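Student: Each chain, letter by letter, is given below.
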Amino acid sequence: MSDSISTLKNKGLPADALAFIESLPADQASKLADTVLAALETKDARVEKAMNNALNVVPGPFRRPVKKMLFG
Amino acid sequence: MHIETQAELLKLSRLLETDEADMAFLDGQELNALAAFRNSVSSFFYEQHQDSYQRLAGISKLVPTGASAKLATTVLGSVLAAGIASELPAERAIKLADKLPDDFLAKLCIHLEPTHSRALLAAMPDKIVATVAKALLAMNEHITLARFVAVIQPSALKAVTSTVNDGEAMVKIALYLEDKSKLDTLLGLLSETQQRAALKAATDHELWPAVLSLNGHLNTRLRGQMGNLVAEQGDTVLSHIIEVASDQQLWTNLLQAVNAMDNTHQQAVVNVAKLREEHIMESLITTVAEENSWDELLPLLPLLDHAHLAPALDVLTERQPQTLDQALNQAHDSNLLGLFGHLPEGEEQRVAKALKSHATDSWQAFVARNSDAQEIASLKAQLG
Chain A
1 MSDSISTLKN KGLPADALAF IESLPADQAS KLADTVLAAL ETKDARVEKA
51 MNNALNVVPG PFRRPVKKML FG
Chain B
73 MHIETQAELL KLSRLLETDE ADMAFLDGQE LNALAAFRNS VSSFFYEQHQ
123 DSYQRLAGIS KLVPTGASAK LATTVLGSVL AAGIASELPA ERAIKLADKL
173 PDDFLAKLCI HLEPTHSRAL LAAMPDKIVA TVAKALLAMN EHITLARFVA
223 VIQPSALKAV TSTVNDGEAM VKIALYLEDK SKLDTLLGLL SETQQRAALK
273 AATDHELWPA VLSLNGHLNT RLRGQMGNLV AEQGDTVLSH IIEVASDQQL
323 WTNLLQAVNA MDNTHQQAVV NVAKLREEHI MESLITTVAE ENSWDELLPL
373 LPLLDHAHLA PALDVLTERQ PQTLDQALNQ AHDSNLLGLF GHLPEGEEQR
423 VAKALKSHAT DSWQAFVARN SDAQEIASLK AQLG
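Heads up: the sequence lines are chains A and B, in that order. Take the first sequence: its position 30, counting from 1, is numbered 30 in the working numbering, and each next residue is one higher. If you want the working numbering, it's the position in the second sequence, counting the first as 1, plus 72.
Since the hints were derived computationally from the structure, they do not count as laboratory data. Hints should not be assumed to be uniformly reliable.
Taking CB as the label site, the calculated pair distances span [stated by the list, open to error]:
(1) A:Asn10 to B:Leu134: 34 to 42 Å
(2) B:Thr432 to A:Ala19: 46 to 54 Å
(3) B:Ala107 to A:Gly12: 49 to 57 Å
(4) B:Lys452 to A:Ala15: 53 to 61 Å
(5) A:Pro59 to B:Ala210: 49 to 57 Å
(6) A:Ala19 to B:Ser443: 48 to 56 Å
(7) A:Pro61 to B:Lys171: 26 to 34 Å
(8) B:Gln122 to A:Ala19: 16 to 24 Å
(9) A:Ala19 to B:Arg86: 16 to 24 Å
(10) A:Pro59 to B:Asp198: 37 to 45 Å
(11) A:Asn10 to B:Gln122: 15 to 23 Å
(12) A:Ala15 to B:Glu447: 52 to 60 Å
(13) B:Arg391 to A:Thr7: 52 to 60 Å
This structure is a prediction, so every number in the text was calculated from the model and none was measured. Here a beta-carbon is modelled for each residue, glycine too, at the ideal position from N, C-alpha and C.
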């Protein structure tokens, strides 16, 4: 199993999607898993950046409670 | 690559933010499996960030909609706003949508996750849907528009379709529909002028593979209606369509369209000179044999004039005589009787010869089932 497939499995990619990837020849499975993982990382970065942008416009005194609301 | 596979891989490449060509290695995978994979990954991506969307939606609910709209456009951006909108109660999301600029709202819609935004889109007032659809059309966002078709209210769909005059957009939206059973509804809403525009676009933008492929999803009435319009396109266009059917193995779809046409149009289409070309006829018979679409082809063969029937019989009796055996085993007897009953006198001999050498058993079984049929009396006599 390629590293990307393992990572996707650990991140909770649904079983049917994993089964589709694993039904492909090894090189294709690896390529598809790499692409899915790369897309996930891009989307993660985009959401994180937007969350931080949102936090930055909050006036100083309110930043801490809002940060708690946003990031837990 | 089959046009519907190409459309599916385009959708997948958009989701995975990669180049369409990077997904070409998936050509050959089953279409439904590809779509199921894409939908599963799309939900997975959304659920990875759903907690963040819910937190931001929670904050959004605490401030006036005007301020939320300002925050969305200036800070959050359309991607995050799409996630947040899906987590807001529909009523609140609609109020917010009303405050957002059209372009931003359209971009937001591009990023909506189909499963999680279904309820929101279904609840959107017709006016907002029509405005967004107009902006999406201007952005050539046919994939997003196709997603709209599946979930918006019928009244909103009617409002949207009445304003679309771009034939290329109509074909592409239809091609990208997730649920092709919606195609009848969509096409049924188009005026004849719009339908003609779609067919003209098929010629102007090389979209005949899409039109032929989509034809297979239509009900018989609409297939006939569209088929008649196709038949009126003239010999040059019809010859091009025949080439497309040959290149992309879309013969069964084309045959279905021709069968649904009225008789005059059928005669015109089946006697286009292009069909007489050896490689075209060979491709036709090969695809029919592979896809077992004899019952689509056989009713049309009696409509061929002798100049067109002869090359068809060349393939059936000489180049691929084994297909006669397959037809006898798999086609409906009435369709076979229609062909045998219309064979020109001079052609019976070579058909009889091919039956004798390549389909003896199936011919005997066919004769036994149709012992009283006048259509095969002459052939029976020739075969002894």
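Student: All hints are to be evaluated individually against the structure, with a verdict given for each.
Tutor: Hint-by-hint comparison with the structure:
1. A:Asn10 to B:Leu134: 34 to 42 Å: For Leu134 of chain B against Asn10 of chain A, whose Cβ atoms are near 35 Å apart, the range 34 to 42 Å holds.
2. B:Thr432 to A:Ala19: 46 to 54 Å: holds, 48 Å
3. B:Ala107 to A:Gly12: 49 to 57 Å: Once the Cβ atoms are compared, 21 Å apart, the range 49 to 57 Å for Gly12 of chain A and Ala107 of chain B is violated.
4. B:Lys452 to A:Ala15: 53 to 61 Å: Cβ of Lys452 of chain B to Cβ of Ala15 of chain A: about 60 Å, so the range 53 to 61 Å holds.
5. A:Pro59 to B:Ala210: 49 to 57 Å: violated, 38 Å
6. A:Ala19 to B:Ser443: 48 to 56 Å: Roughly 53 Å apart at Cβ, these two residues keep to the hinted range, so it holds.
7. A:Pro61 to B:Lys171: 26 to 34 Å: holds, 27 Å
8. B:Gln122 to A:Ala19: 16 to 24 Å: holds, 23 Å
9. A:Ala19 to B:Arg86: 16 to 24 Å: holds, 23 Å
10. A:Pro59 to B:Asp198: 37 to 45 Å: Given range 37 to 45 Å: holds, Cβ gap about 40 Å.
11. A:Asn10 to B:Gln122: 15 to 23 Å: holds, 18 Å
12. A:Ala15 to B:Glu447: 52 to 60 Å: Roughly 56 Å apart at Cβ, these two residues keep to the hinted range, so it holds.
13. B:Arg391 to A:Thr7: 52 to 60 Å: holds, 54 Å
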